[in-house]
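Heads up: the sequence lines are chains U and X, in that order.
For what it's worth, numbering that gives the first Met the number 0 labels the leading residue of the first sequence as 0, then goes sequentially.
For what it's worth, numbering that gives the first Met the number 0 labels the leading residue of the second sequence as 0, then goes sequentially.
Calculated from the structure, these hints are not laboratory results.
Do not take every clue at face value.
Said to hold, decoys possible - Subject to a maximum C-alpha distance of 25 Å in a straight line, what follows is the list of computed BS3-like cross-link-like pairs (lysine-lysine):
{"id": "1", "chain 1": "U", "residue 1": "Lys52", "chain 2": "U", "residue 2": "Lys100"}
{"id": "2", "chain 1": "X", "residue 1": "Lys76", "chain 2": "U", "residue 2": "Lys52"}
{"id": "3", "chain 1": "U", "residue 1": "Lys45", "chain 2": "U", "residue 2": "Lys23"}
{"id": "4", "chain 1": "U", "residue 1": "Lys97", "chain 2": "U", "residue 2": "Lys52"}
{"id": "5", "chain 1": "U", "residue 1": "Lys45", "chain 2": "X", "residue 2": "Lys76"}
{"id": "6", "chain 1": "U", "residue 1": "Lys99", "chain 2": "U", "residue 2": "Lys52"}
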Amino acid sequence: MLTPDALARIAREQEELVRSLTGKGEDPAGIDAHRLHATRQTLARKRAGAVAKLYPRLSQSLADDFPRLFETFAAETLLPQEGGALADGRAFARSLQKAKKCPEAARPELLQVDLYWRRSRQGLARRRGFFLRLARFHDPRRFVVALRLPWLGVFWIEWAR
Amino acid sequence: MWRRRLNLGLGIGWRPELARWTEGRRDLGFVEVIAEDLDPGRSLPTVIRNLRQQGLQVIPHGISLSLGGAEPLLPKKVQALAALARQLESPFVSEHVAFVRAGGAEAGHLLPLSRTPEGIELVCRNVRQLQDALPVPLALENVAGLFEWPQGQMEEADFFREILERTGALLLLDLANIHANTRNHGGDPLTWLDLLPLDRLAYVHVAGGIERNGLYHDTHAHPVPPAVLDLLAELARRTDVPGVLLERDDAYPESHELDAELDQIKKAWGRSERQRSIDHAHP
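Pulled out of the complex, with its shape left as it was, chain U reads as follows (with noise of 0.2 Å):
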C-alpha cells in the first residue's frame, strides 16, 4: 500500500541516492560502496562525454585540461533541470569566463548558442525574441554580428578585420 509515509520515505532515498552519486552526500546505508563509487565514474564520464560532444571547440582547445576543468565544475554544480548537456557545457563555459580561463578558440561556439538559447533559471530555454551581439574575434581576425528577430530568424554576419 503505497501510504504517504512510504512515499516520504522512497522521495528521501531516492534523494540520497541521487545527492550521493552526484557528489553532494554521503553514500547511503546498505548499498556497496565500490559499485556506487563505480556509478558515480560513469555518471560523471557521461555528463563530460556529452558536454565534449556538444562543445567541441570548448573542449578540444582545453585539451588535456578539459577533464580536471570540467570534474571541479561538475562538483560544485547539479546537472541543470533544463536544456540538457547543452545548458550544462554553456554552465561550464560561464564558470570559465568568469575564472578567464576560456579559450579564444571557443568564443564563436559559445556565441552560436546563444544566439539560439537564452539562460533560463532551471538551466537553458530556447530564445523566442529579439537578441543582438556584436563580438570580435581573433583567429581568424573577424568581427561577428549575431542577430535574431522575431519571425524572421537568425542572421550570422562577418567580415575580415
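Got chain U; can you put chain X on it based on the hints?
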C-alpha cells in the same frame, strides 16, 4: 491482436553520427529516436521525415520521465511525448522502469528502483498517468544497474512482470541489460524469458558492453557480446519477436563493421529475407 499486425523488423537507435549509414542500410524496418532530442513544437528534422517517407516506423523513446520516481511526472514531458507520438505516427512509445531525478536534482542517468511492493505501486501510478495522456500504447523497458538497493528486494523479473500485469503496458525487453544485471548480481537470464508475458513483447534492445574492475558496464560503445545474441536466439525460439534494435551511442565503428553486427543480429534472431516476405504476405 496488435502485435501480429505490426512487424517492426530490424532497427537501430537513431544517432546523427549514424545518419548516413541508416539511410543507406536497406533492410531496416524501424528506428528509435530519443524523445528529448526532438521538439514537438517544430517540424520534424528532414532526416527523420526522409526515414518516414522510406516506410520506416519511428518510435519516440523517452529517457527522462522518471516513471519510478517519487517526484510527480512533469506535465511538459508527458505532453511532449504524446505530441511526438502523433507527429511521428508511431505505433507506440517507450520509456523506462527507472528514475532520473529526486529532491530537485537530476541524476543524468537511468537509475534502478528499490524493488518493493510500494515501489511497484508508485511505478504503476506514474505509468497509468502517462498512459492516460498518450494516444498510443506505452512499452516499458528494463534498465541495468551496477548497484542494488538494500533489504527485501523482489526478484527483478517478478517486479517487472507485476508492473506489466497491473498496467497492461507493452514490453521493451532489453537483453543487454538482463545480461549486465545477471553478470553483476547473479541469477539466470532465462528466468526473464520464463516469467515475463512474452505476448506483450513490442520489441527488443541489444547492445554491447565491457568488463571493467570486476563489473560489467552496459556501454553501448562495444560489440554485442555472444551471450546477448544467444539470449536473443533463445527468445526467438520461444516467441515471435516483432522487432530487434541495436543501441550504439559512442565509439562508432566503420560502416562495414556495423553492417556485420546487424547481420549477426539477424542470424541470431533467425530472420531471413524469405521469412520477412512471408510475414508481409500474411499479416
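Verification of the hints:
1. Between Lys52/U and Lys100/U the alpha-carbon distance is near 20 Å, which keeps this suggested pair within the 25 Å criterion.
2. Restraint check for Lys76/X and Lys52/U: satisfied, since their Cα atoms lie roughly 24 Å apart, inside the 25 Å limit.
3. Taken as a hint, the Lys45/U and Lys23/U pair is honoured in the structure, with Cα atoms around 18 Å apart against an allowance of 25 Å.
4. Simply put, Lys97/U and Lys52/U have alpha-carbon atoms about 22 Å apart, close enough for the 25 Å limit, and the pair holds.
5. Distance restraint check for Lys45/U and Lys76/X: the Cα-Cα separation of roughly 22 Å lies within the 25 Å cut-off, and the hinted pair is therefore satisfied.
6. Between Lys99/U and Lys52/U the alpha-carbon distance is near 23 Å, which keeps this suggested pair within the 25 Å criterion.
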